[in-house]
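Asks: Here's the letter readout for the chains.
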Amino acid sequence: MSDAIKQATLEYATRLGDDSVVLGHRISEWVSYGPFLEEDIAYGNVALDYIGRARMYYTYAAELADDGRTEDDFAYMRSDRDYRNLLLMEMPRGDFAYSQVRQLFADVYATVMLPELLKSKDETLAAIAAKAIKETKYHLRRSRDWVLRLGDGTEESHKRTQKAVDQLWGYTHELFDMDETEQLLADNGIGVDVSKLRDAWHAMVSSILTEATITVPEDSWAVRGGRTGYHTENLGHMLTEMQIVHRSHPGCQW
Amino acid sequence: MNESTQAFREHPEFASLKIVEAITMTISQEENFMRKIENEEKIEPKDWMPEGYRKNLIRQMSQHAHSEVIGMQPEGNWITRAPSLRRKAVLLSKVQDEAGHGLYLYSATETLGISRAELIEALQTGEAKYASIFNYPTLTWGDVGAIGWLVDGAAICNQVSLQRTSYGPYSRGMIRICKEESFHQRQGYEALLALAKGSPEQKQMAQDSLDRFYWPALMMFGPHDSESAHSAKSMEWKIKRETNDDLRQKFIDQTVPQIEVLGLEHPDKEIKWNEERGHYDSGEIDWEEFYNVINGNGHCNRQRVEHHIDAHEEGTWVRDAITAYNVKKNAKKAQNAA
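These protein sequence lines map, in sequence, to chains G and C.
Going by my numbering, the first sequence opens with residue 1, and the numbers climb by one from there.
Going by my numbering, the second sequence opens with residue 1, and the numbers climb by one from there.
Keep in mind that the hints were calculated from the coordinates and are not lab data.
One or more hints might be untrue.
As a list, the in silico DSS-like pairs of lysine-lysine whose alpha-carbon atoms are at most 30 Å apart [claimed, not checked]:
1) C:333 with G:137
2) G:159 with C:329
3) C:179 with G:163
4) G:137 with C:332
5) G:137 with C:179
6) C:328 with G:137
7) C:129 with C:328
8) G:159 with C:332
9) G:159 with C:333
This is chain C alone, in the form it adopts within the complex (with noise of 0.2 Å):
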């Protein structure tokens, strides 16, 4: 270095030189970023990120993921019951299907470069969390049907929605969920209808399973846009595509004629249509209930993530198994070669 460049180097200036120059380039990185979600481009796992982006996406897909993988158990409840053979077979599809989706985007989250294990941990110790209505316990068999139609269908809005998110692998996961979720709300809606269709006993069954499920559903788009905590920033980075509310408000405008043709009563007494607004009018929300269950005072938060963990712990037999009889093919399959 000659003695300029070390004069140069010393110079006070020098150090803000470059700083500027990181600020450009992140700038950069940064417009370029915010171009590609203006232009309605995907942002693919090896491009430039900002670091909330990515954390933001990681806790809702993982969020995502945890929901279809908790979802099992609810209705895996009632796989040994399944009254008929074809609603058992259809409830093992879907079920299995569930656990497809599950697979799906703990993938699709493990590109923004977190590992399964440590997403499974994170759900495990309560850091991550899962859709709230798989607190609620199924009780009978009409719950299955009111899961597949009241739950997969707010799911489905969402989801609907979220095919048009700018994270590339996400956006891809979801499309390719969609085509399963409305079979799943189709086989619920089905299971319903024969159920309010059938003798007295079965459609009371029904509205029994309305009644418990229509409000907690209502709630799984979360909280009103002005007290969510996260959605600012998830609208503005396209991660989410439409408010909680105006999402909430197309769930509740396409449930009215489906609650009306199933000839049960609808649980909002509140409701009514409004001319104006081209949307139907509700009652409020019990938003007590909503953070009482977060928190953990919903019937079975325990009891489901106890499931996962005794699941998972039962397995370690097995996973050490997989993993010492790779060893052993290996180290003979090193020594034949040798």
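One chain only, chain G, in its complex shape (with noise of 0.2 Å):
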């Protein structure tokens, strides 16, 4: 492996390290707090799902990086200036359409993303996205079901779902950004070129939105940054939370 390849792998295996534990984490957050009792379990699958990948890719970055570091150095040692997570993962919780709505355009992102990493030549990443693409499979028929339900539900249901695609969308489309270090993996077949992805995702998720008898927004806003750094202000406090007991306690195990 080049030196150049070598660095935009470790980068890369960073970024979706963060997009999969800031996924997680935000995901986590509904322990105890579903609507009922078989929620609370179905969210604490998927977060543990989530937490699981970003272990493997944070895992492979450290393995890259070779100085040292762990899979909690990447998670608890770095602030949000140097997390490469996307925006839409780090949004708030919300109420429950919210955080469907985010899950399914996450999902939808994962069943058009992962079978293309699949193909990638680097064998970890190939291997990782093997594992996550069974687990989105469950994913995606839970957030779509759910879309479909709060959708095509009472009148508030509908509302706030409505309210949550509206709110979410302008988030979705950095998800098909591609910057120099993507587009030389995908040049050199290891990372995905995402900016290829971005119509079948729209033709899946507007499917779903229709048939949940939501409308799909118009592209009039779009905010971007997560790739480079520049986030909302929740990812802040979110890792303020998640890293206070580790950066508390330097250099100590768990």
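With the hints in hand, could you dock these two chains into one complex?
Replies: Have a look at this one:
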């Protein structure tokens, strides 16, 4: 592996790890707050899958960095300006509709992106994708079912779902942005060219939203910045909470 | 009806004959029930059972289910602050198990002819209880370890014995639950071991958690047998298989060497091996604190129930949406079929 590729792969694994840990954390905030017990279990399950992904991506990043850092150094010792997750993942928990709509957007993204990552020449990334694809199948079935029920449920659930879609839509555009790092990896058959996935994502999301009697928003606004560390105000608070114990005891084992 | 039958029925002895008949039937049902209990056969949902047995089981099983569900809160309090990704995953998985246990136990209780909605309402009105231990706050990461080790450890002592309980669905539920609980206890102990072998601050955190949770864990076994309101009948019916004091002694005995391995100080200064009894002698529990917390004066009594009510109420519109959605889908199906 050339140095440039190695550096880019390290950065890429870190980005995907950041996406996973941030979304996993957000989902985990639901435990004991679900609308009924079965949902507490389901949320716990999905959160676990994402924390599991984060661990695999970070462990690989740590291996490539080869500087003594561990998965926990990536998760706990980097500040919000160093985090490279997509903004969509860091948006707050919100109400049940908001969380399920975000989940649908993320699950459809994973559904179109992971099969591409599975083709990666990088065996580790391909192996992570293989495991994640199986999980995502269940995640999508759940978030799709929920959006259908909420969208086409009562007047109130419909209103909340439409509002969530409108509030989150502007954060979905950067899901398909490429930069030099990702382009280099895509050109070398290691990373995914996400710019080519927008149409598939849009078609699948639109069809689910339409079936849920939800209006698909016009592309009138777009906020970007997650991959460059230019975050919303939400991430700082989230990381403060997540990192407090770890950082209060530097160098300790848990 | 002919005249002689009529005359017989009007005879005063006929009424008492009917009573005798009824009594004989009841006796045979009750005898049959007690015979099963004595022979260690399980009582199944459709079997005849005394009303008191049913009520006693509903009380105990629903209390157990509620404890699993309310127990998600003090531990859930640390999911977002778990100090490593591995610990975060383990804790998430543990809390998720607790929710699963709550589900099994609600379902098992429903076999006694009561609905989950009724059970939840009883929890929210305070009519039903949950384990008082969850009215203690989790203040540090160490408390997550202490709960796994001590609280789940105490629960296991009780639950292992309940695998032999006389009611079939409860017994089978316990067998499943025990397998997962022993993983919970190990993860708690392991988390505390990491602290105890860590920095001085971490060790202090472990000691502090042990000091705060040890006595409340002992209280989980309930009052002394002589003071326990439900014990005698529960033992007779084999709902309970071992007494509060016997189970508590088991827990006290098993915990001493575990504290030694951790290298922490035992919170009970009177703990001492008694060769003659083959058990540890221990200091007296502060029963005033026990009743005080049960009666609503713990740090979190109100918070735990309000949290449950709030989540439940906030979920109303979600549950309504499912109902509305299903009604629409069914109507559409019916229309297509017509």
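Asks: Now tell me if each hint is right for this structure.
Replies: A quick look at each hint next to the structure:
Restraint check: the Cα-Cα separation between residue 333 of chain C and residue 137 of chain G comes to about 27 Å, which is no more than 30 Å; the hinted pair holds. Note on residue 159 of chain G and residue 329 of chain C: the hinted pairing holds, with a Cα-Cα distance of about 19 Å set against a maximum of 30 Å. Restraint check for residue 179 of chain C and residue 163 of chain G: not satisfied, since their Cα atoms lie roughly 44 Å apart, outside the 30 Å limit. Between residue 137 of chain G and residue 332 of chain C the alpha-carbon distance is near 27 Å, which keeps this suggested pair within the 30 Å criterion.
Distance restraint check for residue 137 of chain G and residue 179 of chain C: the Cα-Cα separation of roughly 29 Å lies within the 30 Å cut-off, and the hinted pair is therefore satisfied. With a C-alpha separation of about 26 Å, the suggested pair residue 328 of chain C and residue 137 of chain G falls inside the 30 Å cut-off, and the hint holds. At most 30 Å may separate the alpha-carbon atoms for a hinted pair to count; residue 129 of chain C and residue 328 of chain C exceed this at roughly 39 Å. With a C-alpha separation of about 22 Å, the suggested pair residue 159 of chain G and residue 332 of chain C falls inside the 30 Å cut-off, and the hint holds.
A threshold of 30 Å between alpha carbons decides the hint, and for residue 159 of chain G with residue 333 of chain C the separation of about 25 Å falls inside it, so the pair holds.
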